[in-house]
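**Student:** The task is simple: from the sequences and hints, build the whole structure.
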Amino acid sequence: MANTKQRVQLVYPKHLVDKPILWELAQRFKVITNIRRANVDAECGWIDLELEGEEEEMERAISWLRQVGVEVNPVERQVIE
Amino acid sequence: MGCNEETQTKKMRGLKCRECGAYYPLEALHVCEFCFGPLEVDYDYDYLRTIVSRERIESGPPNLWRYIDLLPISGENLVDSGTGFTPLLKAERLGERLGLRNLFIKNDTANPTWSFKDRVVSVAITKAMEFGFDTVSCASTGNLGNSVAAHAARTGLRCFIFIPADLELGKIVGSLVYNPTLVAVRGNYDEVNRLCAEIASTMRWGFVNINLRPYYAEGSKTLGFEVVEQLGWQAPDHIVVPMASGSLLTKVWKALKELHRLGLIDEVHTKVHGAQAEGCSPIVRAFKENAEFVRPVKPNTIAKSLAIGNPADGIYALQAMRESGGVAEAVTDDEVIEGIKLLAETEGIFTETAGGVTIGVLKKLVEQGIIGSDETVVALITGCGLKTQEVLTDRIAQPVLIEPNLRSFQEKFAELAVGKV
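Protein chains in written order, with my numbering: chain Y, 1 to 81; chain B, 1001 to 1421.
No lab work stands behind these hints: they were computed from the structure. The model shown is predicted, which means the values in this text are computed figures rather than measured ones. Just so you know, not all the hints are guaranteed correct.
Per the computed footprint, the stretches of chain B lying under chain Y, defined by three or more beta-carbons under 8 Å from a beta-carbon of chain Y, are [stated by the list, open to error]: (1) 1031-1037; (2) 1139-1152; (3) 1187-1194; (4) 1293-1304; (5) 1308-1315.
Within a straight-line C-alpha distance of at most 25 Å, the following computed SDA-like cross-link-like pairs (lysine to any residue) qualify [what the hints assert, rightly or not]: (6) B/K1341 <-> B/A1417; (7) Y/K5 <-> B/I1199; (8) Y/K5 <-> B/L1029; (9) B/K1010 <-> B/A1022; (10) B/K1010 <-> B/F1131; (11) B/K1254 <-> B/A1022; (12) B/K1271 <-> B/R1093; (13) B/K1298 <-> Y/V68; (14) Y/K5 <-> B/M1203; (15) Y/K14 <-> B/D1190; (16) B/K1412 <-> B/K1304; (17) Y/K14 <-> B/E1278; (18) B/K1171 <-> B/L1392; (19) Y/K30 <-> B/E1198; (20) Y/K30 <-> B/C1035; (21) B/K1090 <-> B/E1345; (22) B/K1304 <-> B/A1397; (23) B/K1288 <-> Y/K5; (24) B/K1288 <-> B/D1334; (25) B/K1090 <-> B/G1348; (26) Y/K14 <-> B/L1029; (27) B/K1016 <-> Y/A38; (28) B/K1341 <-> B/P1112; (29) B/K1298 <-> Y/L22; (30) Y/K5 <-> B/N1188.
Going by beta-carbon spacing under 10 Å, a handful of chain Y positions derived as facing chain B [to be verified]: (31) R7; (32) Q9; (33) R28; (34) I32; (35) R60; (36) I62; (37) E76.
The beta-carbon is built from N, C-alpha and C at its ideal position, and this holds for glycine as well.
**Tutor:** Set out below in structure tokens:
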């Protein structure tokens, strides 16, 4: 199955800021992570990321991120106005 | 004023990334391929200076297209729904209540679908037609959907509006009446949000606030242009702007700077202040914490049209407020309702909750001494109160009930006269 790409913003709540989430993601799932922009402080962190992989694997990876408490948004942020 | 196609094409250099400065062609693109930063239209101001003048603008139509030279439109087929050039009203009675001698209300409830969104959507739909899209779309729970559906109806374009499936249908009558295809997506708000962005990246449609966003957002500048023109080509001392994504505030500030850069006004001393409801105030919080970035929040406020917890233009709104010397302030939901009532009772303008936020914050800024009593102040009222009537239930006066005879009325009138009722 062909790889696809998705652009997402990950938002880390305070309690996950010091956790190696992306490392764990790469260990658990066959997805390529490519960081384009990011900011982390003591209260919060966000990463604009390109995810690449098979569609179902990416969906599993995104579900896992949400399960551990990371918000997964489009890089456009909130598009519902 | 002629809309000469050559003139309108020469004025734009391309799309430019706001973060890394990379250039892109003037296409339906919105994100930088390199850094994922947002793209913005880049104008050739040296060229614009040779064609734009007060006289040229004043001889234009009495709507937002009088500013076409400063909008990202190339062709001659403009979507004219009568949007823009809304009243700028001197607010004597509200000013008296707040202690302001030169207060003005920019009444954008006077737009075709009763909100400022008609400005951005007029530009986006015009651009969608230039790009040859046969379908336009957006994800919206309110004003944006209303405006996109109405403009699609007027132009005959196909229209898809996406909403979260658990949204009450009563909220979207103002979109449904124009007969778009309304797609209700099962899932929580974040899932719906992400799906809509994904759909936008797969369909060859004009998503007004996604792939057309660099053009769409420019429509907000017309609010700033109009305020200055209606004040006799003077920038006010203060403008109070409601903030959702932060785009409106960013573009109003850009508009003032453009007018100065083009020599249409002598100076820009305007302080641009941002207003949010406390229940969704990520930009205000970042401003007060002196933060560089905006931390997303989960909205919990009656001001639904401002309830953007993860604002796309938050950091640019922060920059605009800081650059202009303005501040960011928030009000409680109670203060929002008081703001709606105060504007209605003193000026006869019925605003939605976003306008209540603006008036509430205006009041606070006067109390804090940030706005002085003799300064020229403009408050942007961006949407109509009929859209959010439910928030006023139990918060406004009840009817005076009488029997169907004159005596009953006279008795009640006597009580009213002495203040018993």
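**Student:** So, for every hint listed, does it hold in this structure?
**Tutor:** Okay, the hints, checked on the actual structure:
A stretch counts as covered by a chain when three or more of its residues have a beta carbon under 8 Å from one of that chain; for the region 1031-1037 of chain B and chain Y the count is 5, and the coverage holds. For the region 1139-1152 of chain B, the stated coverage by chain Y is satisfied: 6 residues place a CB nearer than 8 Å to a CB of that chain, which reaches the threshold of 3. For the region 1187-1194 of chain B, the proposed coverage by chain Y is satisfied: 5 residues have a C-beta within less than 8 Å of a C-beta in that chain, meeting the threshold of three. Under a criterion of three residues with beta carbons nearer than 8 Å to beta carbons of chain Y, the stated coverage of the region 1293-1304 of chain B is upheld, 3 such residues being counted.
Check result for the region 1308-1315 of chain B against chain Y: holds, 5 residues qualifying (beta carbon to beta carbon below 8 Å, three or more required). Between B/K1341 and B/A1417 the CA atoms are separated by roughly 23 Å; this keeps the pair inside 25 Å, and the hint holds. At most 25 Å may separate the alpha-carbon atoms for a hinted pair to count; Y/K5 and B/I1199 meet this at roughly 14 Å. The straight-line distance between the Cα atoms of Y/K5 and B/L1029 is roughly 17 Å, inside the 25 Å bound, and the hint therefore holds.
Of the supplied pair hints, the one linking B/K1010 and B/A1022 holds, its CA atoms being roughly 19 Å apart against a limit of 25 Å. About 17 Å separates the Cα atoms of B/K1010 and B/F1131, which keeps this hinted pair within 25 Å; it holds. The straight-line distance between the Cα atoms of B/K1254 and B/A1022 is roughly 20 Å, inside the 25 Å bound, and the hint therefore holds. Between B/K1271 and B/R1093, the direct Cα distance comes to roughly 23 Å. Compliance with the 25 Å bound is thereby established for this hinted pair.
Between B/K1298 and Y/V68 the alpha-carbon distance is near 18 Å, which keeps this suggested pair within the 25 Å criterion. A hinted pair counts as satisfied when its Cα atoms are at most 25 Å apart, and Y/K5 with B/M1203 qualifies at roughly 16 Å. As the CA atoms of Y/K14 and B/D1190 are separated by approximately 19 Å, the hinted pair is consistent with the 25 Å bound. This hinted pair does not check out: B/K1412 and B/K1304 have alpha carbons roughly 39 Å apart, beyond 25 Å.
Taken as a hint, the Y/K14 and B/E1278 pair is honoured in the structure, with Cα atoms around 21 Å apart against an allowance of 25 Å. The straight-line distance between the Cα atoms of B/K1171 and B/L1392 is roughly 15 Å, inside the 25 Å bound, and the hint therefore holds. For the suggested pair Y/K30 and B/E1198, the alpha carbons sit about 21 Å apart, so the restraint of at most 25 Å is met. Only pairs whose Cα atoms come within 25 Å are accepted, and Y/K30 paired with B/C1035 is accepted, the gap being roughly 23 Å.
For the hint linking B/K1090 to B/E1345, the alpha-carbon distance of about 15 Å falls within 25 Å, and the restraint holds. At roughly 24 Å between alpha-carbon atoms, B/K1304 and B/A1397 fall within 25 Å of each other, so this suggested pair holds. Taking the CA atoms of B/K1288 and Y/K5, the gap is about 37 Å. The hint is violated against a cut of 25 Å. For the given pair, B/K1288 sits about 22 Å from B/D1334 by alpha-carbon distance, which is consistent with the 25 Å threshold.
With a CA separation close to 12 Å, the supplied pair B/K1090 and B/G1348 stays within the 25 Å bound. For the hint linking Y/K14 to B/L1029, the alpha-carbon distance of about 33 Å lies beyond 25 Å, and the restraint is violated. A threshold of 25 Å between alpha carbons decides the hint, and for B/K1016 with Y/A38 the separation of about 20 Å falls inside it, so the pair holds. Restraint check for B/K1341 and B/P1112: the C-alpha separation of about 23 Å stays at or below 25 Å, so the hint holds.
Between B/K1298 and Y/L22, the direct Cα distance comes to roughly 24 Å. Compliance with the 25 Å bound is thereby established for this hinted pair. With a CA separation close to 23 Å, the supplied pair Y/K5 and B/N1188 stays within the 25 Å bound. The interface hint given for Y/R7 holds, since its Cβ lies 6 Å from the closest Cβ of chain B, which is under the 10 Å cut-off. Look at Y/Q9: its Cβ gets to within about 8 Å of chain B, closer than 10 Å, so that hint holds up.
Checking Y/R28 against chain B: minimum C-beta separation of about 20 Å lies over 10 Å; hint violated. Taking 10 Å as the C-beta cut-off, the interface hint given for Y/I32 is violated, the closest approach to chain B being about 16 Å. Interface hint status for Y/R60: violated, as the beta-carbon distance to the closest one in chain B is roughly 15 Å, over 10 Å. With a cut of 10 Å, the hint placing Y/I62 at the interface with chain B holds, because the nearest CB-to-CB distance is about 8 Å.
Residue-level restraint check for Y/E76 holds (minimum Cβ-Cβ distance to chain B is 5 Å; threshold 10 Å).
In terms of the numbered hints stated before, the structure departs from hints 16, 23, 26, 33, 34, 35, listed from lowest to highest.
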